[in-house]
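All chains should be modelled from the sequences, with the hints used to inform the complete structure.
Quick mapping for you: the protein sequence lines, in order, are chains A and B.
Under numbering that gives the first Met the number 0, the letters of the first sequence match residues 0 to 404, in that order.
Under numbering that gives the first Met the number 0, the letters of the second sequence match residues 0 to 498, in that order.
None of these hints come from the bench; they were simulated from the model.
Ideal Cβ positions, reconstructed from N, Cα and C, are used throughout, including at glycine.
Misleading hints may appear alongside valid ones.
SDA-like cross-link-like pairs, simulated, lysine to any residue; straight-line CA separation at most 25 Å [said to hold, decoys possible]:
| # | chain 1 | residue 1 | chain 2 | residue 2 |
| --- | --- | --- | --- | --- |
| 1 | A | K291 | B | P91 |
| 2 | A | K31 | B | P91 |
| 3 | A | K103 | B | P91 |
| 4 | A | K151 | B | E80 |
| 5 | A | K33 | B | L494 |
| 6 | A | K81 | B | T390 |
Facing chain B, according to a computed beta carbon distance under 10 Å, are these residues of chain A, among others [what the hints assert, rightly or not]:
| # | residue |
| --- | --- |
| 7 | T60 |
| 8 | L68 |
| 9 | S87 |
| 10 | Y102 |
| 11 | K103 |
| 12 | E109 |
| 13 | T278 |
| 14 | L279 |
| 15 | F283 |
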Amino acid sequence: MEEAAVGGDVRPPVVSAVGLTKVFRDFWNRPKAKAVNDIDFEVREGEVLGLLGPNGSGKSTTVKMLLGLLYPTGGRLTVFGKSPRDVSIKRSIGYLPEETYLYKYLTAFETLDFFASLFNLPSADRKKRCEQLLDMVGLAHARNRPVGEFSKGMARRIGLAQAMINDPALLILDEPTSGLDPLGCREVKDLIQMLKKRGKTVIVTSHLLSDVEDVCDRVIILYGGKIRAQGALTDLLSIERKDRITTPALPPDVMKKVLTVLRENLKDDEFHVDHPRMTLEEFFLDVVNKAKVEQVETFGARSSGHIAEYLSEGSEGNKADGALLDRLAGRVPEPETAPEPDEREKAEAKEKAAEQQRLRSLSKDREAEAAAQKAEAELREARAKLSDANDKLKDLLGARKKGGE
Amino acid sequence: MLPFLAIVRLTCRSAIRSNVFRTLLFLLALSVILIPNTIKGDGTASGFIQLILEYSLGFSGAILAISVAWVCCSEIASDVESGQIHLILVKPVPRPVVLLGKFTGVLVIHTALLVLASAVVYGFVMYQFMRQDFPAEERQRVENEVLTGRRLIPPDKPDFAALAEKELKHRLETARMDERAAIEQKIAGNNRRAVLDAIERELRFRNGEVEPGGVIFWTYSGISEKTPDPLFLRYKLYAGTDGSKNQETTYGAWLLRFVTRTDRGTDDKPDFTENIVSLPPEEIMTKTRDEFGIQDTILRMGGAPDEIRRNVPPQLMKDLTDRLVKNGTFMIGFRNYDRSGKKIILQEADGPYLMVRETGFLNNYIRAVFVLFLGILAVALVSSALAAYFTLPTSIFLAASYGLLCIFSVYLLGTIAEMDASSLSAGDKVARMLSEGVFFLLIPVRDFFLTSELATGQLIDFARIGRLIFYDILLRGVPLFLAGMLLYSIREVSLAMKR
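Below is the structure:
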């Protein structure tokens with residue numbers, strides 16, 4: 000999938016920018032700021048692109064040009080092969096702005112219904128989609144509350160829901176996780192993964208790098224209106240000069256041996272040994288999920304974890320449609336044994352296999368047996384982790400299936 | 000269509016939530032409910048009903064016009080500034096549809112309010128008229144002069160241009176040698192037109208002057224003899240040439256032309272004898288508009304009983320009309336009996352007008368309300384055009400300035416028109432053209448407030464409504480709106496966003 004999205008140039012670019020420039024001018028038409036300065040990039044179908052950069056680097060300006068809200072000063076910009084100002088392409092675009100501008104007096108349901116009307120959706124369809132989206136973003140219980148009363152996170156969720164109302168082929172999310180709690184962030188990321196699986200194109204701008212790292216195939220890093228780096232995340236982030244080994248807690252004698260080997264080969268300050276840590280996000284989600292199981296009451300957003308039915312049509316929930324979608328999108332169908340673990344997990348598993356190899360070579364023959372045993376345990380654990388991840392995903396999809404029934 | 004309707008609905012909901020709109024709504028309720036219940040009028044039934052009509056409906060129209068300007072500006076401009084428009088413009092809805100939807104939403108809600116307010120005012124007028132204990136004569140007067148729709152017929156005018164030519168010729172012929180040279184010098188070159196215009200103005204003015212003891216006649220054409228209706232004469236006169244505003248009294252008598260069909264004529268070509276009969280001289284208030292019923296006056300003078308006068312039998316009305324109208328023409332005169340020997344002047348603008356009932360009050364009322372609607376439409380068109388491009392404060396400022404200029408444009412244009420073109424320097428001429436150009440863009444809002452016409456039972460005829468639609472809506476309002484729509488379609492909306 001990765002290869003198809005990044006390397007395979009067979010798919011037409013959804014977005015193509017050549018020499019894109021945006022100069023803001025003052026009242027007397029004198030150039031004031033060059034927000035975007037001669038940038039070239041392409042976004043291919045089915046790709047999740049991260050647009051990164053500090054504040055004022057030109058991310059939002061680029062996004063607004065993609066949407067036809069600002070006009071380029073120079074260069075050429077096409078979206079679905081047409082000018083961003085073409086009204087027809089907007090049928091396939093979903094947009095979540097940086098700040099969620101909603102009509103405060105409309106209720107959550109009315110808000111979604113209004114935006115659905117702009118797509119000329121028939122009444123029954125609108126109602127169905129709105130209900131499913133509200134359920135998906137965890138605001139079903141607040142459907143009749145005016146959005147003016149919503150917390151920032153809740154408003155953000157409604158904003159996300161309205162961006163999905165037309166089941167867009169290109170979703171543009173400007174700081175999608177800002178204002179969301181870690182749970183919400185996770186859900187947004189899951190949603191992006193889901194959309195990616197369905198062959199949708201997603202452009203995410205953010206300065207929360209962990210968000211981008213989790214979901215994006217490729218990133219563009221902007222600074223001062225220019226592209227400073229771009230490429231596939233795996234290529235950009237792996238440090239070829241270093242290795243990492245993760246094992247279960249080692250008995251002191253084994254650790255001693257390992258250290259001996261390391262000291263024989265490396266200088267003291269070239270390596271270090273410590274306990275790996277969970278990320279805070281993982282820890283937090285763990286705590287909240289436990290609380291959820293214990294059914295603690297909350298008044299905030301409560302996502303059902305159901306992806307809206309019309310959005311999940313054509314993904315695993317419906318294999319025939321999925322295959323059709325794949326054929327249409329020109330993709331190689333994925334193995335159907337289990338939901339594909341995501342790239343990170345795949346990489347982890349590979350890494351672990353490699354670790355085992357290295358351990359063996361490091362701990363010489365006399366320790367080979369013990370090390371092999373450990374490595375085996377290691378492998379078992381890796382497998383367990385993998386199947387755990389699979390279970391999680393299955394859960395997600397299972398829930399979706401339930402929603403579908 | 001669905002996106003358009005969704006935007007219309009959203010705009011209506013948003014407008015109702017605006018604080019300014021709510022304040023104006025409160026004022027509207029006051030003008031509809033409070034004014035009719037507190038005003039006293041001049042004590043007469045017709046005065047009372049006229050005041051209700053003029054104030055309640057006039058105020059309602061004015062409040063709605065202000066409100067529509069405000070709400071148009073805020074609905075269109077504030078959405079752009081707050082960024083809410085971003086979420087709409089990235090949807091597959093063309094920008095002109097967005098603007099049109101917002102415009103329509105504002106217009107719909109104001110039209111609904113106008114209909115509601117005018118229905119309440121109408122109901123109240125009728126209720127008061129039915130309920131109050133007016134004397135029978137008063138009641139008759141209200142029915143004849145207020146609750147009706149009468150066409151205004153101006154007197155036939157002499158061909159002033161031809162008369163001016165004749166006068167100039169006459170002056171040249173009768174002038175002494177030296178005077179003639181002066182006149183000839185004056186009319187040399189392009190100035191002949193200006194001299195003729197001056198003479199024409201003089202003639203027009205003199206045309207309405209009645210010397211003490213003198214008499215003046217007016218003829219009115221195009222009066223139907225088939226359906227004899229009561230005829231009314233509306234007039235306003237001035238005594239002397241003093242410019243004071245004080246009213247005073249003078250004396251005069253109206254002269255009626257009575258015609259009798261003779262046996263000499265045929266049905267196709269009737270033959271008449273005419274004679275002029277003077278009504279008794281009466282005391283007349285100057286500088287105030289007044290009117291009287293012609294047939295009714297004859298009956299009164301002739302001592303007809305009140306019951307007959309209140310409800311004139313059709314045959315009697317026909318007989319009277321037959322004696323007054325000849326070949327579709329009616330003639331009336333006025334003799335000056337001023338006690339202090341002053342001239343009496345009847346200005347061309349004041350007629351005097353002959354008024355003939357053409358339609359009922361409800362019909363005329365609906366027309367007046369429709370014209371108010373046109374006024375609100377014009378304001379909405381202009382304000383939307385301004386808000387489509389400018390920020391909220393700027394567009395409201397411009398809309399207010401435009402409104403003020405429109406109100407005063409009548410006076411300013413009058414001043415420009417009165418300037419003697421021949422005496423202007425080149426710079427003045429350029430300035431004059433420029434100001435005329437600017438004024439062409441202005442819609443004279445006063446033209447849409449026809450409540451005083453309505454209150455005096457004057458027909459709001461379709462020709463007038465047609466002129467308003469053509470000159471003010473189609474020729475000015477719509478092009479301005481389209482220009483706004485174009486700017487709205489090409490502007491970079493994100494630039495206008497407030498941070």
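Verification of the supplied hints:
no.: 1; hint: A/K291 - B/P91; result: 40 Å, violated
no.: 2; hint: A/K31 - B/P91; result: 32 Å, violated
no.: 3; hint: A/K103 - B/P91; result: 22 Å, holds
no.: 4; hint: A/K151 - B/E80; result: 20 Å, holds
no.: 5; hint: A/K33 - B/L494; result: 14 Å, holds
no.: 6; hint: A/K81 - B/T390; result: 30 Å, violated
no.: 7; hint: T60; result: 8 Å, holds
no.: 8; hint: L68; result: 4 Å, holds
no.: 9; hint: S87; result: 7 Å, holds
no.: 10; hint: Y102; result: 7 Å, holds
no.: 11; hint: K103; result: 9 Å, holds
no.: 12; hint: E109; result: 9 Å, holds
no.: 13; hint: T278; result: 33 Å, violated
no.: 14; hint: L279; result: 32 Å, violated
no.: 15; hint: F283; result: 31 Å, violated
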